[in-house]
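K.L.:
So you can see what is in the structure, the chains are spelled out below.
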Amino acid sequence: MVDDAKTAILLPPLSFLDDAPLVTMFSRVLENNVLVTYPVSLYTRESKGEMKWLGFVYAFLYTGKDGKKVAHITYPLCFDDNYKKEIYERLLKETEELASAFGASRMEYQGYQHVTGDVFKPLSGIKFGNTLNADFLDFVKEKGFVQKEVRSCYKVSLSEIPEEPVNVYTISDFPERKQKYLELCRVCDSFPQLFDMGQVSAWVGEHFFDEEWVIFAESGEERGVIRWFPQSLFGGGRGAKVVRLLFCGTPQFMCASIAQALSKIARSGIDKIQIADIPQGPIENAVKKWGWKVYETVDMVYYYGDI
Amino acid sequence: MTFRSPEAVVRDLAYLQNLGVHVVCPSHDIGLAGEKYWKKLFALMKKEQIYMGMYLEVWQLPDKRFIEALADVCDPKFTTMVITLLSGSETVRRKNGKYFSNQDFYKRVHLIEKLHMNHAPYFATGLPFETVETFDKTISMTEKFLSQFNPCAIFCTPLRLDPGSPMYEDPAHYNIEKHYQSFTDYYIKCKKRAENSPYDALGYHTEFLDGAAIFTLQQKWEAILRNHPVMAADLLHFV
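The listed protein sequences correspond, in order, to chains X and G.
For what it's worth, the working numbering labels the leading residue of the first sequence as 21, then goes sequentially.
For what it's worth, the working numbering labels the leading residue of the second sequence as 511, then goes sequentially.
Worth flagging that the hints you see were computed from the coordinates, not collected in a lab.
Glycine is no exception: its CB is placed at the ideal position from the N, C-alpha and C atoms.
Don't take each hint at face value.
Said to hold, decoys possible - The calculated DSS-like cross-link candidates involving lysine-lysine, where the alpha carbons are at most 27 Å apart (straight line), are:
| # | chain 1 | residue 1 | chain 2 | residue 2 |
| --- | --- | --- | --- | --- |
| 1 | X | LYS68 | G | LYS556 |
| 2 | X | LYS198 | G | LYS617 |
| 3 | G | LYS624 | X | LYS284 |
| 4 | G | LYS608 | G | LYS624 |
| 5 | G | LYS557 | X | LYS68 |
| 6 | X | LYS85 | X | LYS113 |
| 7 | X | LYS89 | X | LYS72 |
| 8 | X | LYS198 | G | LYS624 |
| 9 | G | LYS608 | G | LYS549 |
| 10 | G | LYS730 | G | LYS608 |
| 11 | G | LYS730 | G | LYS688 |
| 12 | X | LYS292 | G | LYS624 |
| 13 | X | LYS198 | G | LYS654 |
| 14 | X | LYS161 | X | LYS89 |
| 15 | G | LYS624 | X | LYS200 |
| 16 | G | LYS654 | X | LYS200 |
| 17 | X | LYS104 | X | LYS161 |
| 18 | G | LYS624 | G | LYS557 |
| 19 | G | LYS608 | G | LYS556 |
| 20 | G | LYS608 | G | LYS557 |
| 21 | X | LYS85 | X | LYS200 |
| 22 | G | LYS557 | X | LYS72 |
| 23 | G | LYS624 | G | LYS549 |
| 24 | X | LYS72 | G | LYS574 |
| 25 | G | LYS556 | G | LYS574 |
| 26 | G | LYS546 | G | LYS557 |
| 27 | X | LYS309 | X | LYS168 |
| 28 | G | LYS574 | G | LYS549 |
| 29 | X | LYS85 | X | LYS198 |
| 30 | X | LYS26 | X | LYS85 |
| 31 | X | LYS68 | X | LYS104 |
| 32 | X | LYS313 | X | LYS292 |
| 33 | G | LYS730 | G | LYS654 |
To be verified - Simulated coverage check for chain G against chain X, where a stretch passes if three residues somewhere in it have a Cβ under 8 Å from a Cβ of chain X:
| # | stretch |
| --- | --- |
| 34 | 518–529 |
| 35 | 560–566 |
| 36 | 578–588 |
This is chain X alone, in the form it adopts within the complex (with noise of 0.2 Å):
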């Protein structure tokens, strides 16, 4: 059935996509003109055309901050557990079919593993989104990715948050605190894509981007952002979500920029917070003493030739 099944560039049922809550319809990324984003349905139709999904996946293709072009690829669904490895062998073949065309030097894909609780949305710092598929995490480490980094979401007891002397702050004109935010996605290191500033301009609108969502910290020379979600957005209760933390500076600085950011979020009436992207090392070291982990994300590379 699988060799028979088709793909195209299409999105399944939105009630699939569950772990999509930032999609819209307008969802989609261009690099010089060319779509960058495939998402990858695979499918047989019935005989009065009625769509039977097999399974899906989201490719993207976009370039490293090494300067190298990568494809990755997100939100694996099997629809069909009797076929499971046969469509996982379909996507990922589509999948390098688009990675050939780009000249991406690795294949990327974010797993999840060691899951112990409810997980708030968003789950991923990828815009499309991602979802649990410990199936698929396997499937990726037979085929030969291996594993590049491990970050760890915590989910934090805001009793045990110590004040810091960090000076942390919103900024409530949408210009510049979209300027102030790429800017840093530009220079830290954990933002994985490379972008040029000059197309700025043309970045008109960001779901999700109000001005208490984006907690700014500043100390002397060191800087960073925190970007956060309520859960109210997406339907739950009066949690949030810490997505996605970039900081130029020392692991102190960080430590005291996310404890800082934590309190003031907690401020604005929120009773739970799980903070996700926090690298292993200092950072987690002392996040560790606020909470207990909820879940890793890991990075699989998958390397083409020479790297």
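Following the hints, position chain G against chain X.
P.N.:
Coordinates of chain G only, in the frame set by chain X:
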């Protein structure tokens, strides 16, 4: 105007959803069919578990209950309301059959954004009763909209005189001068267009604006958009 039954529409929506369609565009504003109709339609959509986006061009300013109901029954992020304002001038708008104020319009747009739906205002050039001065209100409203709201698109197009339209049938009421009087006139226009020959695109002029003035206003409006691109692509794959 006769609307198809909500049951028939929902059958089609279910069929389209099964085919993998994500966004449907009704041919007419379902609000025009009345509250009883759209309430029944939305209830049936819920019952049949239809959850799609909708691209809806609305005839008048939709009321709060309709907007909230639409956001509830459709996927708001895949739903767009195109609101036909026609003019930034309330007087010109009213004389052209749209009965709502700028203030009410802004309130509805705030609500649409709050519910995370997309929206797009629709202006027009060459409206009956429009002057160069009243068009300045369209310009300033466009600028305000671009700086204070987040539309997914913004439209402004010249009108074309359609045969059978109110402007065609009753030009004296609208103070316009028709350039096309007969089937032959329209046939010749279409023939010229097909041959890439110059032709009169508008087919009329108004009491205050000739064809050249209408196109000048159109260019003035388009100049704003060049400095404020809308529907630009995202730059980034990551938040």
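K.L.:
If a hint holds in the structure, say so; if it does not, say that too.
P.N.:
For each hint, the structure was consulted:
A threshold of 27 Å between alpha carbons decides the hint, and for LYS68 of chain X with LYS556 of chain G the separation of about 24 Å falls inside it, so the pair holds. At roughly 25 Å between alpha-carbon atoms, LYS198 of chain X and LYS617 of chain G fall within 27 Å of each other, so this suggested pair holds. Between LYS624 of chain G and LYS284 of chain X the alpha-carbon distance is near 23 Å, which keeps this suggested pair within the 27 Å criterion. Straight-line distance between C-alpha atoms of LYS608 of chain G and LYS624 of chain G comes to about 24 Å, which keeps the hinted pair within the 27 Å bound.
Among the hinted pairs, LYS557 of chain G with LYS68 of chain X is consistent with the structure: their alpha-carbon atoms are about 23 Å apart, no more than 27 Å. Between the alpha carbons of LYS85 of chain X and LYS113 of chain X the distance comes to roughly 26 Å, so the proposed pair stays at or under 27 Å and holds. In summary, the hint linking LYS89 of chain X to LYS72 of chain X is not supported, as the alpha carbons are separated by about 34 Å, beyond the 27 Å threshold. Simply put, LYS198 of chain X and LYS624 of chain G have alpha-carbon atoms about 20 Å apart, close enough for the 27 Å limit, and the pair holds.
At most 27 Å may separate the alpha-carbon atoms for a hinted pair to count; LYS608 of chain G and LYS549 of chain G meet this at roughly 23 Å. At most 27 Å may separate the alpha-carbon atoms for a hinted pair to count; LYS730 of chain G and LYS608 of chain G meet this at roughly 23 Å. Between LYS730 of chain G and LYS688 of chain G the alpha-carbon distance is near 25 Å, which keeps this suggested pair within the 27 Å criterion. Between LYS292 of chain X and LYS624 of chain G, the direct Cα distance comes to roughly 23 Å. Compliance with the 27 Å bound is thereby established for this hinted pair.
For the proposed pair LYS198 of chain X and LYS654 of chain G, the alpha carbon gap of about 19 Å is at most 27 Å, so the pair holds. In summary, the hint linking LYS161 of chain X to LYS89 of chain X is supported, as the alpha carbons are separated by about 21 Å, within the 27 Å threshold. Our distance criterion of 27 Å between C-alpha atoms is met by LYS624 of chain G and LYS200 of chain X, whose separation comes to about 25 Å. Only pairs whose Cα atoms come within 27 Å are accepted, and LYS654 of chain G paired with LYS200 of chain X is accepted, the gap being roughly 24 Å.
With a C-alpha separation of about 15 Å, the suggested pairing of LYS104 of chain X with LYS161 of chain X holds against the 27 Å cut-off. Taking the CA atoms of LYS624 of chain G and LYS557 of chain G, the gap is about 26 Å. The hint holds against a cut of 27 Å. The suggested pairing of LYS608 of chain G with LYS556 of chain G is violated, with an alpha-carbon distance near 31 Å, which exceeds 27 Å. Distance check on the hinted pair: LYS608 of chain G and LYS557 of chain G sit about 34 Å apart at the alpha-carbon level, beyond 27 Å; violated.
Between the alpha carbons of LYS85 of chain X and LYS200 of chain X the distance comes to roughly 18 Å, so the proposed pair stays at or under 27 Å and holds. Note on LYS557 of chain G and LYS72 of chain X: the hinted pairing holds, with a Cα-Cα distance of about 22 Å set against a maximum of 27 Å. Note on LYS624 of chain G and LYS549 of chain G: the hinted pairing holds, with a Cα-Cα distance of about 21 Å set against a maximum of 27 Å. Under the criterion of a C-alpha separation no larger than 27 Å, the hint pairing LYS72 of chain X with LYS574 of chain G is inconsistent with the structure, at around 38 Å.
A distance of roughly 20 Å separates the Cα atoms of LYS556 of chain G and LYS574 of chain G; the hinted pair therefore holds under the 27 Å criterion. Taken as a hint, the LYS546 of chain G and LYS557 of chain G pair is honoured in the structure, with Cα atoms around 17 Å apart against an allowance of 27 Å. Restraint check for LYS309 of chain X and LYS168 of chain X: satisfied, since their Cα atoms lie roughly 25 Å apart, inside the 27 Å limit. The suggested pairing of LYS574 of chain G with LYS549 of chain G holds, with an alpha-carbon distance near 13 Å, which does not exceed 27 Å.
Taking the CA atoms of LYS85 of chain X and LYS198 of chain X, the gap is near 20 Å; set against the 27 Å cutoff, the hint holds. At most 27 Å may separate the alpha-carbon atoms for a hinted pair to count; LYS26 of chain X and LYS85 of chain X exceed this at roughly 34 Å. The hinted pair formed by LYS68 of chain X and LYS104 of chain X meets the criterion: a straight-line CA distance of about 25 Å does not exceed 27 Å. Between LYS313 of chain X and LYS292 of chain X the alpha-carbon distance is near 14 Å, which keeps this suggested pair within the 27 Å criterion.
Simply put, LYS730 of chain G and LYS654 of chain G have alpha-carbon atoms about 16 Å apart, close enough for the 27 Å limit, and the pair holds. Remark: the stretch 518–529 of chain G is confirmed as covered by chain X, as 3 of its residues place a Cβ nearer than 8 Å to a Cβ of that chain, reaching the required three. For a cut-off of 8 Å, the count of residues in the stretch 560–566 of chain G with a CB near a CB of chain X stands at 3, and the three-residue condition holds. Here's how the stretch 578–588 of chain G fares: 3 of its residues keep a CB closer than 8 Å to some CB of chain X, so the rule of at least three is met and the hint holds.
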